[in-house]
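Asker: Protein chains in written order, with our numbering: chain W, 1 to 765; chain V, 1 to 289.
Please note that a few of the clues may not be correct.
Stated by the list, open to error - Pairwise CB distance ranges, derived in the manner of DEER restraints: (1) V:E66 <-> W:T700: 48 to 58 Å; (2) V:K256 <-> W:L694: 27 to 37 Å; (3) V:Q89 <-> W:K757: 34 to 44 Å; (4) V:I161 <-> W:R176: 57 to 67 Å; (5) W:L694 <-> V:F6: 32 to 42 Å; (6) W:I635 <-> V:E242: 42 to 52 Å; (7) V:S191 <-> W:K757: 24 to 34 Å.
For the record, the hints were derived by calculation from the structure and aren't laboratory data. Cβ coordinates follow ideal geometry from the N, Cα and C atoms, glycine included.
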Amino acid sequence: MGENYEVIGKSVPRIDGVAKATGRAKYTGDLKFPNMLVGKILHSPHAHARILNIDTSEAEKLPGVKAVITHRDVPSTKYGLSPARWDETIFCIDKVRFVGDKVAAVAAVDEETAYKALKLIKVDYEVLPAVFDPYEALKEGAPQIFEEYPGNINTEIHQHFGDVDKAFAEAYHVRRDFFSGQRTYHSPLEPHVSIAFWEGPKVTVYSSNQSVHYLQYHLARVFGMPMGNVRVLKTHVGGGFGGKLDPTGLDFAAVKLSQITGRPVKMLYDRKEMFYNNRGRHAQYMELTTGVTKEGKILGVHANFVMDGGAYTGLGVASAYYAGALLTVLYDFDNYKFDMIRAVTNLPGCGAQRGHGQPQPRFAFESHLDHIAEDLGIDPLEIRIINARKPKTVTINDFKVDSYALKEALEKAREISGWREKKGKLPPGRGIGVGNGGFVSGAGYPCYRTDLPQAVAIIKVHDDGSMATLYTGAVEIGQGSDTVLLQMAAEAMGYPLEKMRIVAGDTDLATHDFGAYASRQTLMSGWAVKKAGEEVKNKILQTAAEMMLVVPEQLDVKQGVVFLKAHPEESLTFEEVARTYFVKYGQLIGQGSYKPPKLGGTFKGAAVGTSPAYSAATQVAEVEIDEETGEIKVIEAWDVHDCGMVINPALLHGQVHGAFYMGMGESIWEEVLFDEKGDVANGNLAEYRMPTALDMPPVTSELVDSIDPNAPWGVKEVGEGATTPTMACLANAIYDAMGVRIESLPLTYEKVWRALKEKREKEKA
Amino acid sequence: MYLPDFEYYAPATLSEACELLEKLGPGAKVIAGGTDILSKMKQELLFPKAIVSLKYLSGLSEIRLESNNDVIIGAKATHNSLIDSPVLQEKYPSLCNAAHQMANNQVRNIGTVGGNIVNAVPSADLPPLLIALGAKIKLVGTNGERVLPLEDFFTGPNESIIKQDEILTEFIISEQSLTGSTYIKFALRRSGALAVASVAVAVAMEGNTCRKARIVLGAVAPIPLRAKKAEEMLTGKEITDELLEEAGSVASAESKPISDIRGSAEYRRDLVRVLTRRALRKAINEGHV
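Please construct the entire structure, taking both the sequences and the accompanying hints into account.
Answerer: Encoded structure:
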């Protein structure tokens, strides 16, 4: 990548690695405070019911119970992502809308008492008809779940760019396919935990979450408190994947229970309750129609989707827009129509999960594209090269894409996977497939309407210059952001990484940042950190120039040494310069702030999908299918990513492995199932089958050179984009192996078995 | 999830344990490894009034070879101790392999063979092969002990002929003329998954002639099911690929699967066909694997 960097671009060990590997790292659930109580939430046993009465008197009498609360004790303020869809309250008021909905909460001296108290709360319900399928929910006469969503339509999107009908009329070939994706759940290792305690008018909330800012905002808004009286912070977080971005019932209930009892209250979800809280992947039903030239160039696309939102909206409205918005990025075409209906049903609410609304539409489109390539007699990888977006272009829906090396990624993936030697030449039962993906490097606009900057960072150099602390609101959830941001700070300052510390994810002690979602932190938090570091550097150079009787432009600073560029042997240490600065001017501080320029178009929903920079990725996978049982073995996988400048290659490749793992799980094994009452049927890690280490194939992760001009040092995202190609990549490999197309996720063994059986029967007939 | 309240007993001797079980009545349950009962209790599927732990009972974990070549497996032997047993590795490595396909290492480390039987879960991994090997079990109660074929133990899902005061103490696999045995499990991931269908076989071959075959199907009926018609059609026959395919089809017709979240009845039935053929071929060609 040309530039000679001191700290970035290197696989330094993650700063929390030793603490985590030795078990010393304290997660929120490990924290204990004097007099701490344990809280639990009572969940609805019905999918749809009117609440007639709640009697908490018996629960209150149980020795050890310190408080029992229902909707009567908390504000009825609705919350959610956007004001038009604020539809959730702390506790249900008149109705419950899914099995697992929040009805009441207790605080008790220990967990056992809390559980027992839950059983003593008497709720009288009038059970109502429920609906679990989005198509059923959209039918006339279906049970109405929300007054504010007539016909159970939560979100309706109709976007049209160019002229799709004309494109189809002029196309050599028009093809329509239908695909579906299933509900999946993030399943982070660490359950959601929240601990709240009060000091006077101020509440402190430790929460295992992805954004301390949004949680602070939601708590302050719902409880009618100034944001300054709500402190949200976190310790180590054991994974989020989108599932720890919405506020949970735990956060709200812990705050209230702690206020009533005057004691710290800890609350956590057990595994099944995590499935109730959900906010996982929507089930999507995706009809795609595409017109192409004889040579395979895409002329126009019509995406006609329906999605099952479950009971509450949360971030789900953004999922709906993302589903169609990002389809325009990978391949260049001028005519596009996107129709979407997001229906509400009596199931747990869906939201953002790694890749947001996009992975399933990518599955659909990349499968569809393979069909088109076959129809035209073009190699699947070749048709992608033909259509791959070029850098410095603008999508039909107004996304400005500066760096973009999808074509290079495809070519490199073709090389390292041995595509040419394998495609069509593998032994029976073996197949190879390709899929493309990518993502935004941070959403162009925050989750709620505000003019706040995306990220602010402060670096404070300690008085004698022997140490520096980075303050950021960025949230380390396991992805490595603390390490990466420190590398960036050290690089920008010209300071050794070993002397840097971080204070992050604390609304009191750190700085403003919107947190870990939409793959934003390396770029957005990174910008603020870089600017803060450069301000420190400028002050150091200025002070050193005064000390050395030169002008700052003659100086540079690297790894803690300030030197004359023309005579590097003439130098001062960063420490002595920093100390001099402190004596003369006070604390040595650098501050940086980042707000992207105005991005995107002006049509309805134009904001979703905007970003300063877009990543691109190609995955190739090889599978082996047992033709008699349908069993799928993923033999090997290759990922080539365009993610701009890489700050920490080891962490980056770790993200790719994790993303492939997660994508593979969603492709073949994972699906949230429900019983006939709408209760989660497999809310545990035995029957919600994530892959094990034994199922994981070798993954080769490679990069293509790319520097984005809109990003600090040219960085882009990797964490979510690498999940988006996997589903289609595996579906296409299965098709290559067996000649059967599985159009619905997950691509289970039984579906493959059935498709093979039907194929044999058809061939016989 | 939390454990409901219960009384807890940890008797020192077997007779004391049996007496306790009798005295406490049907509300009392035995705990050995606890991998099944505790999770059921936490999920509020089971509310025992009392739990009688076998932890202090000695001599029930041994795996040994008797002078008459019988293999004795103590009911408290863990799955991992089966895997690691030199006796089994020598005599019936197929049993080691079957145990290795169970659950995951943590469960194998604490879960017991006895528990895998007494729970009478249709998808359990050890019953099919133990039945195929002709294992007998010893049940000890307040009125003495009885020994019976494991095959006669199960009566339905979570149901068996065990009496309230009885404790399963050991398995006996008598020396036989078997030449091969194996267990094939079909599950939806490579570890930590219950069988969708499974097949265990044991065969006695003489050259290419099958003198005896036992075929036991798992997870496709309320109990581990002998596919007796398939066994009969193999007995005394020269083994050919066509015959094995046919045996698979016959076993498939004998199975009585249900549809659940892990697979449809139709799928399971066809898996039985494939797995039976494969298991037979493997045991015939490779011995006890």
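Asker: For the range 48 to 58 Å, tell me whether the beta carbons of E66 of chain V and T700 of chain W fit it or not.
Answerer: With a Cβ separation near 54 Å, E66 of chain V and T700 of chain W satisfy 48 to 58 Å, so the hint holds.
Asker: Cβ-Cβ distance between I635 of chain W and E242 of chain V: within 42 to 52 Å?
Answerer: violated (32 Å)
Asker: Is 57 to 67 Å a correct range for the gap between the Cβ atoms of I161 of chain V and R176 of chain W?
Answerer: Given about 60 Å between the Cβ atoms, the range holds.
Asker: Within 32 to 42 Å: is that where the Cβ-Cβ distance between L694 of chain W and F6 of chain V falls?
Answerer: Holds: the Cβ-Cβ distance is about 36 Å, inside 32 to 42 Å.
Asker: For the range 24 to 34 Å, tell me whether the beta carbons of S191 of chain V and K757 of chain W fit it or not.
Answerer: Cβ of S191 of chain V to Cβ of K757 of chain W: about 27 Å, so the range 24 to 34 Å holds.
Asker: May I ask you to test the hint 34 to 44 Å on the CB atoms belonging to Q89 of chain V and K757 of chain W?
Answerer: holds (39 Å)
Asker: Is it true that the C-beta distance of K256 of chain V to L694 of chain W lies inside 27 to 37 Å, as the hint says?
Answerer: Taking Cβ atoms as reference, K256 of chain V and L694 of chain W lie about 31 Å apart, which means the hint holds.
The structure is inconsistent with hint 6 alone, although it conforms to all the rest.
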